Amino acid sequence: MIELTDISKTFNVRKKTINAVQDVNLKINDGEIYGIVGYSGAGKSTLVRMFNGLETPSTGTVTINGTVMSELSGKALRDERQKMGMIFQYFNLLWSRTVIENIAFPLELTKVPKAERLAKAEALIKTVGLEGRENAYPSELSGGQQQRVAIARALANDPKILLSDEATSGLDPKTTDEVLDLLLKINKELNITIVVITHEMHVIRKICDRMAVMDDGKVVEEGSVFEIFRHPQEEITKRFVSEEETPQLDDTTVVINELLAQVPTGKIVKLTFHGDQAKLPIISEMLRQFPEVDLNIVDGSIHQTQEGSIGTLYLQLLGDEAEINGAEEYLHKMRVGTEVIRGE
Amino acid sequence: MVSDTTGFSSYFHLSQVDWSNMWSATLETIWMTVFSLILVAIIGILLGLLLFETTGQTNLGARFINGLTSLFVNVFRSIPFIILIVLLLPITKGLVGTIIGPKAALPSLIISAAPFYARMVELAFHEIDHGVIEAAEAMGATKAQIIFKVLLPESSPALVSGITVTGISLIGYTAMAGVIGAGGLGNLAYLDGFQASNNTVTLVATVIILLVVFVFQIIGDWTVRHLDKRITN
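Residue numbers (numbering that gives the first Met the number 0), protein chains in the order written: chain A, 0 to 343; chain B, 0 to 232.
Please keep in mind that the hints were generated in silico from the structure rather than gathered at the bench.
It is possible that some hints are incorrect.
[Stated by the list, open to error] In silico BS3-like cross-links for lysine-lysine, where the CA-CA straight-line distance does not exceed 25 Å: (1) B:K102 - A:K110; (2) A:K269 - A:K187; (3) A:K110 - A:K26; (4) B:K92 - A:K113; (5) A:K74 - A:K125; (6) A:K159 - A:K184; (7) A:K237 - A:K187; (8) A:K26 - A:K15; (9) B:K228 - A:K74; (10) B:K92 - A:K119; (11) B:K228 - A:K113; (12) B:K228 - A:K125; (13) A:K74 - A:K159; (14) B:K142 - A:K82; (15) A:K26 - A:K119; (16) B:K92 - A:K110; (17) A:K159 - A:K113; (18) B:K148 - A:K187; (19) B:K142 - A:K113; (20) A:K82 - B:K148.
Note that the structure is predicted; figures quoted are calculated from it, not measured.
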């Protein structure tokens, strides 16, 4: 368990005082993936760096499994740091070492015998899926592969906690998802607590159990990811939640979240019509073929674009499950994009 | 005796070159350069490390050490070498017991080149991505582990190219030291070449010094290329 109690951090830069972190109280449970989201300068990186003592709080305490990190120094601090792994935006690998030497590096620091640390590194290479690249240098790897090496390196000491400071911010969307899947796998298989710092809501939604939103050094909203995505309270949280959805639907996302709350029953599907489909009576034909289905239009819109019109329709479907599935199949057949927003 | 001492042809009386003298002078030059270079590398890295570790610290002791080291480095880097040799004569006599011969050149060679190299070392350390050092700290590395396992290997190409540049200027310095009696090719070119009006000896000494410089440069470049794993071929 990680506990932050009344954490504040002030920096003095050229006679100006900057409150990087203000009065933060958080509890992170063992085995969960906890996300801290905020725009750059919100203080989230400063906050996470206090977890392993790279930064010390001006006031307050960081307690990790009963040990007050902010009071440690010297050997005691180094010993605690070895129980935590950390990954970074720019990977921070040693370019002068091969993949396997990079992964074995933390074990070298703790003076594990060579044969043992190479065996361990070899096993970690399998965990992160880099078989065959053992003797490559970081400069020969893609960004995603380098981050895999960094993750393997962070796991070398069998840590209980993994800190991820914007670890996917330098990666393309596909690679980001691969790295996130890996983190999820690590969390499930090794039962490691993961603290994720990010400015991307996508990262939070994909892997986090609980989350905090930071703005201007303060935690403005905190709770389960599920709840926050459905009922964002603060303005900034709403903005983050809406950014996560596809760009052209920016505004409706918040609306949809509200509608989902108002329509608690039935299956909600999102239909997308392109071009000429928007002109056909597809929905009425669907109802004629599956009369047992009750239909309620939750939200809808038609946008005119360069390629023609694009329509979106959010439907609440009620009734017999077989009939609903049949209706969905019919929509598929008519090449209408169908996405289930919420099942029964 | 020397038949003609002027004109272009005076450079090519190869029969008048005492090759065994030339050879021993070459060995003296190489010995002075390599021996002083080893000590320059050690002292330079220590001073560079001291500068790097004490830069940007708020701690009063660290700032004092930084100021003192900086002053030492700047002063000895600025004194023209020919003046430094003369200035250090009494110290040289005390240290090595003599003021002539290759050994006598060592103190001034080291004292002038080590601060020069120290600045290059400091720069090389500053070029290492700070995130890498921080990552090692996050893993619980000690200061010594960071120095030996991060700073030195990660800056190795810059350290080697720095030592190549320093080595080449040391070859130049040994020639200057030769003029005041330190031996080596500079000494030979001055005594047997200039004072005996034997232009051929001067030219041959020059060519050998150039060859030594080229060999230094080639070894240095080759080493850097093999150390630097950031470039993929």
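Verification of the hints:
1. B:K102 - A:K110: 43 Å, violated
2. A:K269 - A:K187: 31 Å, violated
3. A:K110 - A:K26: 33 Å, violated
4. B:K92 - A:K113: 50 Å, violated
5. A:K74 - A:K125: Roughly 32 Å between the alpha carbons, so the hint for A:K74 and A:K125 is violated.
6. A:K159 - A:K184: 15 Å, holds
7. A:K237 - A:K187: 29 Å, violated
8. A:K26 - A:K15: 31 Å, violated
9. B:K228 - A:K74: 33 Å, violated
10. B:K92 - A:K119: Violated: B:K92 and A:K119 sit about 58 Å apart, past 25 Å.
11. B:K228 - A:K113: Roughly 23 Å between the alpha carbons, so the hint for B:K228 and A:K113 holds.
12. B:K228 - A:K125: 24 Å, holds
13. A:K74 - A:K159: 19 Å, holds
14. B:K142 - A:K82: Within the cut-off at roughly 19 Å; holds.
15. A:K26 - A:K119: 32 Å, violated
16. B:K92 - A:K110: 47 Å, violated
17. A:K159 - A:K113: 23 Å, holds
18. B:K148 - A:K187: Measuring from Cα to Cα gives roughly 33 Å; hence the hint is violated.
19. B:K142 - A:K113: 21 Å, holds
20. A:K82 - B:K148: 20 Å, holds
Violated hints, in rising order: 1, 2, 3, 4, 5, 7, 8, 9, 10, 15, 16, 18; the structure is consistent with all others.
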